[in-house]
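**Q** Sequence:
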Amino acid sequence: MRFSQYLIPTFRETPSDAEIPSQQFALKGGYIKKIAVGIYDLLPLGLRVIRKVEQIIREEMNKAGALEVMMPSMIPAELWQKSGRWYRYGKELLRIKDRGDRDYCYGPTHEEVIVDLVTNNIKSYKQLPLNLYQIQNKFRDEIRPRFGLMRAREFTMKDAYSFHATSECLDATYQRMFQTYTQIFKRCGLKFRVVSADSGAIGGNASQEFMITADSGEDAILYCDSCHYAANIEKATTRLTSSIHTGDPLPLKEVPTPGQRTIEEVSTFLNVPFTQIIKTLVYNFIPNSDLEGEIFSLAVVCLRGDYELSEVKLGHVLDARVLALASDRDIMDHLNAPVGFLGPIDLPADIKLLVDDSVASIINGVTGASKADVHYVGVCAGRDFPNDIVVDVKTVRAGDACPECSGGKLIQERGIEVGHIFKLGTKYSESMQAQFLDEQGKTQPFIMGCYGIGVGRTAMSAIEQSHDDRGPIWPIQLAPFEVIIITAKAEDTEQKAMAEDLYTKLMSIKIDVLFDDRNERIGVKFNDADLVGAPLRIVIGNKLSEGSIEFNFRTGEKRDVKASIAYDEIVSIIEALRHQID
RNA sequence: CGGGAUGUAGCGCAGUCCGGUAGCGCACUUGUCUGGGGGGCAAGUGGCCGUGGGUUCAAAUCCCGCCAUCCCGACCA
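One point on numbering: in this note's numbering, the residue at position 27 of the first sequence is 580, and numbering is uninterrupted.
Since the hints were derived computationally from the structure, they do not count as laboratory data. Treat the hints with care, since some could be wrong.
Stated by the list, open to error - Once the Cα atoms are required to be at most 35 Å apart in a straight line, the calculated DSBU-like pairs of lysine-lysine come out as:
no., residue 1, residue 2
1, 581, 744
2, 635, 691
3, 679, 650
What the hints assert, rightly or not - Across the chosen pairs, the derived CB separations fall in these ranges:
no., residue 1, residue 2, range
4, 627, 841, 23 to 31 Å
5, 814, 841, 31 to 39 Å
6, 814, 872, 27 to 35 Å
7, 746, 1021, 48 to 56 Å
8, 904, 586, 32 to 40 Å
9, 877, 759, 25 to 33 Å
10, 749, 936, 32 to 40 Å
11, 627, 905, 21 to 29 Å
Since this is a predicted model, take the numbers as computed values, not measurements. Glycine is no exception: its CB is placed at the ideal position from the N, C-alpha and C atoms.
Produce the complete structure using the sequences and hints provided.
**A** Rendered as structure tokens:
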């Protein structure tokens, strides 16, 4: 492409609302343009990057035997009503009416549609397994879109769905997808980590996330420093060190603790460690089984003073559709106790008490006495309060013991979730009565898997992981252009002729080359070139009179090359870069 | 949805407290001198000051409503 005929609207100043590097450079470099909250135009440069990611995904998915399809983005409500998600999905689902007042939604994901597609076409186990995918735009009316394409409302996603007669067969495809994803992100030149994950609103059993490691990542992940354990913070667990809760049980005793509400205050006041204090939280929730109701139930949760509660974990334990901390007033109404002095002892009989495993065996602990300015000491789980519903609802943190090996410690890192693979099982096939005939001629629900990749997010992650203060440093696989040619003096006929010659030749052998033929100062061209982020920049300048031109790599390295061999050099450099990762 | 802030030219902002001709930098247009990291000089183009109402002789500025955007918390590729 010739820069003068291309559209790359770069800005000298960074848009003020851009927060993270990928968003700043994508806007500043003319890759994307925001048109509404979480909704963007992809400009030519941005689209080139997206297409490259898509191409890699297509090649690898096809190689793994998946078949590409394209489902509609508008989905009739009946399908979502059939699976029940029409009622459960909440405001994130964009619902639309057509002229006939019929309900539709803009697809945020496509399990319902694919199940419908497959049930209409697959009747026998002989036609299985089947793995279908599409690369298509989704819309999720996110609570808080941010970070540009990283968390947009409309976004491009590759989603694949596999159908099986047996769980062994699902396992095999799941493994195959694991390898395919590994290969895809490797080819994109990205550093990533795979963690086991919470399966969220999609549901199902096992799932793993592919996380691009980056400081700006919105997810926290934990991994073991000595074994293979790695998990999203929403899922991560730890092995409790049992030695904490030892000693002979003392009698339960009330002590005055005027004004001591927080764990920290109580710890200081009574001189006991956080680990001996039982934290008591009260939550309101609406269970999933209650599809349309507005009636809240109450749950009391206890965990060890040094831990924070994980609302995601608690949501799962309660199978809650809606979950929120109860108000002080609610607590007073139901427990007759002030916040700050809550405890699990002598709760009203109708209140459900969940005990985190960190307090399930506590001996001689401290907890609120359910009245103002009083705590109990000598609290023993089981003896003083029931510990028959033991759960794991704590947020694990760096330094905690690995749950899978002895001696391992967990390390915490930030990550960007770019891929997620699930074993769905029969969740959707059962709710939607999607069945096939097995070898015995009996009807069985399909066993399903599902596999997603955020395309725009993957592209943006590459910037997060590799940039300097001037712009992206693209891996060649994703770079919008592989080579950019700049003349120092646009009107110099010799420089121009040299540039034209290289440009034409490189174009003819399908190297992605951008020729900056504008009559601009060289500083302007350099700055724009940095924003384009091509791995190799060819500068044809005053050294041409001595027969040489400059090769500048986006990573910083520079060298002079004889003009006579420049073309061959460029070709071999690009070839080498292309094959470095493949 | 809760808490905080902001809406003035394509972008970044000043002006608002204290009402009186709408400004600056960048970008854009023309000319010219330049020519190795966003250059200089000169001349230009471009604004229902978010929106609706109110106060006033007079509103970007004061008052009330609405809308939008951004940041911090609960969702997800």
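**Q** Which earlier hints turn out false for this structure, listed by number in ascending order?
**A** Numbers 3, 7, 8, 11, in rising order.
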